[in-house]
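Undergrad: Below, each chain spelled out in residue letters.
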Amino acid sequence: MSDPTEDIPSVDYVEGSGIPIRGNDIDTDQIIPARFMKVVTFDGLGEFAFFDLRFDDEDEEKDHPFNEQRFQDSNVMVVNANFGCGSSREHAPQALMRWGIDAIIGESFAEIFAGNCLALGIPTVTADHETINALQQWVDDNPDGDIEVDVRAETVTYGNNEINVSVDRAQREALVEGNWDTTALMKANQNAIQETADSLPYVESAD
Amino acid sequence: MSQGTLYDKVWDRHKVTTLPNGQDQLFVGLHLIHEVTSPQAFGMLQERGLEVARPDLTHATVDHIVPTANQDRPYSDDAAETMMAELEENVRDAGIQFSDPTTGDQGIVHVIGPEQGITQPGKTIVCGDSHTSTHGAFGALAFGIGTSQIRDVLATQTIAMEKQKVRKIQVDGELGEGVEAKDVVLEIIRRLGTEGGVGYVYEYAGEAIENLDMEGRMSICNMSIEGGARAGYVNPDETTYEWLEQTDYFQEHPEKFDELKPYWESIRSDADAEYDDVVHIDANELEPVVTWGTTPGQGVGIHDPIPAPEDLADDKVDTARRAQKHMRVEPGETMEGYDIDVAFLGSCTNARLPDLRRAARIVKGRQVDDDVRAMVVPGSQRVQRQAEEEGLKDVFEEAGFDWRNAGCSMCLGMNEDQLEGDEACASSSNRNFVGRQGSKDGRTVLMNPRMVAAAAITGEVSDVRDLKEVNLA
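Taken in order, these protein sequences are the chains called A and B.
Heads up: the first sequence begins at -16 in the working numbering, then just goes up one per residue.
Heads up: the second sequence begins at 16 in the working numbering, then just goes up one per residue.
Hint data in this document are derived by calculation from the structure and do not stem from the laboratory.
All C-beta atoms in this analysis are idealised placements derived from N, C-alpha and C, irrespective of residue type, glycine included.
Treat each hint with caution, since some may be false.
What the hints assert, rightly or not - Which bits of chain B does chain A cover? Going by a derived footprint, with three or more residues having C-beta under 8 angstroms, they are:
1. 25 to 38
2. 42 to 53
3. 83 to 97
4. 209 to 216
5. 448 to 460
To be verified - Below, a list of computed lysine to aspartate or glutamate pairs in the DMTMM-like style, where the Cα atoms sit at most 20 angstroms apart:
6. Lys24(B) to Asp181(A)
7. Lys21(A) to Glu104(B)
8. Lys170(A) to Asp71(B)
9. Lys21(A) to Asp115(B)
Produce the complete structure using the sequences and hints provided.
TA: Quick look at the structure:
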């Protein structure tokens, strides 16, 4: 029998340069305003990431790290607390991923947002306020500097620093083992699904 | 870990297995879908050659992009028409029941599920919308999911989840005159913070919760996510059962009511259930709450001073400063008297019949302020019809409100209903995020529906208790 998860890559390690996005409670309406969600695919959402924070009414660029030349090749985003709060729109991590983000380091993440990131294979790892502030400052000073996010070991290495970070247990397991795409994994349990359905008093048989 | 709570029991009943990554695979009793977050999931399914596993446990409606003024097809907004057409095709191909506008059953997804009786105690309910927590009012375990998870549910009727902790929020005492469910939940979020509920499911309990009608319970559960909790619920009781008995499903299948009631009773939290945390709130102390900032946690009693950012917890200072700049408010002021340009009475939080009835009693015989544009957007076509039959539409229209068709409308500004420029909006919705209502300079003040009615009349944030209520005929 074929392994249903064999095509899903392991994401135990992300390496690249950083981009700091400062502020607590950055909600999904900030990450991708709703007017850009009038689409039936996620293609092309990258250019709308943080749109209203990046552009004024005349579509002129405002100060924002996503506009800065020095961060254009960055793929590790460093954020503060409660990042991604608000709506369940997967358009938010989709936009960030399509802009080029492969991993996010932050103080804390809203739950649905972190789940959506996991479904895309984007690690969301956490550290305390001081650690994140120091890392954001270092990224500002070293926009080309290399950051290594080791999901398995729960460490982030940059410059001469190695810091401990936390990765939610199931997220770590899923990313490291390459079983973060759960469709095939769950589909394989067909019999157990049917048994559960049959045991529930409110579920009528499908036929 | 919690034990013996409704959450524990419903979780255990729906658990299929534990996945290799440590998450549990849960069976989904009801999957609600709408036009914004589902098309990509159907696309993913197609790419993988998979079919919808349980169309019979899936139900669709259209709410986010649907115009509330002119609903003639094709919609004047091409993008909206495309999304609607895509949903129509997807549900037709899969054989999914669709409460579209021609059925008379269309509405905001979190309004129509309870109306039709498909929202039931002890079900697991998911939808690609964070306000799915609303359905917890019936003792369902209900939460919002992303599009990749919608794909999972469409393909398998199951979802991969980690079990959370349970926090009981005990609201004792009685709500005072003019204080509503909305005020209770705004106060909970103010106290516990917008991320206080991350990792938790909230169980709302206590005398003040038990005394609420189903609509009030829905308003509270609806905003669980604004406090960071992905799900919130109230244990089912006689109030719940009375509602259920009147719904289509149990009118058509009365035998099901007696058949299922023992299950509903069995999943209630035990008297000696163990919780991971318990929070007490005294309902007697509460006042109407309004927001002064740009997160739902930035609330304040109508007569209380707006806090100085430096008096808040360290991690809230920066957000508060930015919020006060955006809203143009100063510490020490109250929100009472804050000028408003728009009054929005709508959304999955507060656009059900009792909400409209209470607001109408404030509006009756009065006129909307000259400088305010005011609109009522009923939560569903059924709410709309009933409100029209009761004469509420006339009350609102005579006062100068615009009476619209059902949809999400100005709660999130995905259709034509949007704030313009830096307009300030008294809103019965759930989010005051910057840009949420369609203009990045727009200013949203969240409040209960009667307070929205009062603000529409006076043109400024007002204490509704200062306005005499009029009895409707």
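Undergrad: Work down the list of hints and note, for each, if the structure agrees.
TA: Against the structure, the hints come out as follows:
Judged by the Cβ-Cβ criterion of 8 angstroms, the stretch 25 to 38 of chain B is covered by chain A as claimed, because 10 of its residues qualify and three suffice. Counting residues of the stretch 42 to 53 of chain B whose CB lies closer than 8 angstroms to any CB of chain A gives 4, which reaches the minimum of 3, so the coverage claim holds. Counting residues of the stretch 83 to 97 of chain B whose CB lies closer than 8 angstroms to any CB of chain A gives 4, so the stated coverage by that chain holds, three being the minimum. Residue count for the stretch 209 to 216 of chain B with a Cβ under 8 angstroms from a Cβ of chain A: 4. That meets the three needed, and the coverage hint holds.
Counting residues of the stretch 448 to 460 of chain B whose beta carbon lies closer than 8 angstroms to any beta carbon of chain A gives 6, which reaches the threshold of three, so the coverage claim holds. Between lysine 24(B) and aspartate 181(A), the direct Cα distance comes to roughly 17 angstroms. Compliance with the 20 angstroms bound is thereby established for this hinted pair. Using a Cα cut-off of 20 angstroms, the hinted pair lysine 21(A) and glutamate 104(B) holds, with the two alpha carbons roughly 17 angstroms apart. Our distance criterion of 20 angstroms between C-alpha atoms is met by lysine 170(A) and aspartate 71(B), whose separation comes to about 18 angstroms.
A threshold of 20 angstroms between alpha carbons decides the hint, and for lysine 21(A) with aspartate 115(B) the separation of about 18 angstroms falls inside it, so the pair holds.
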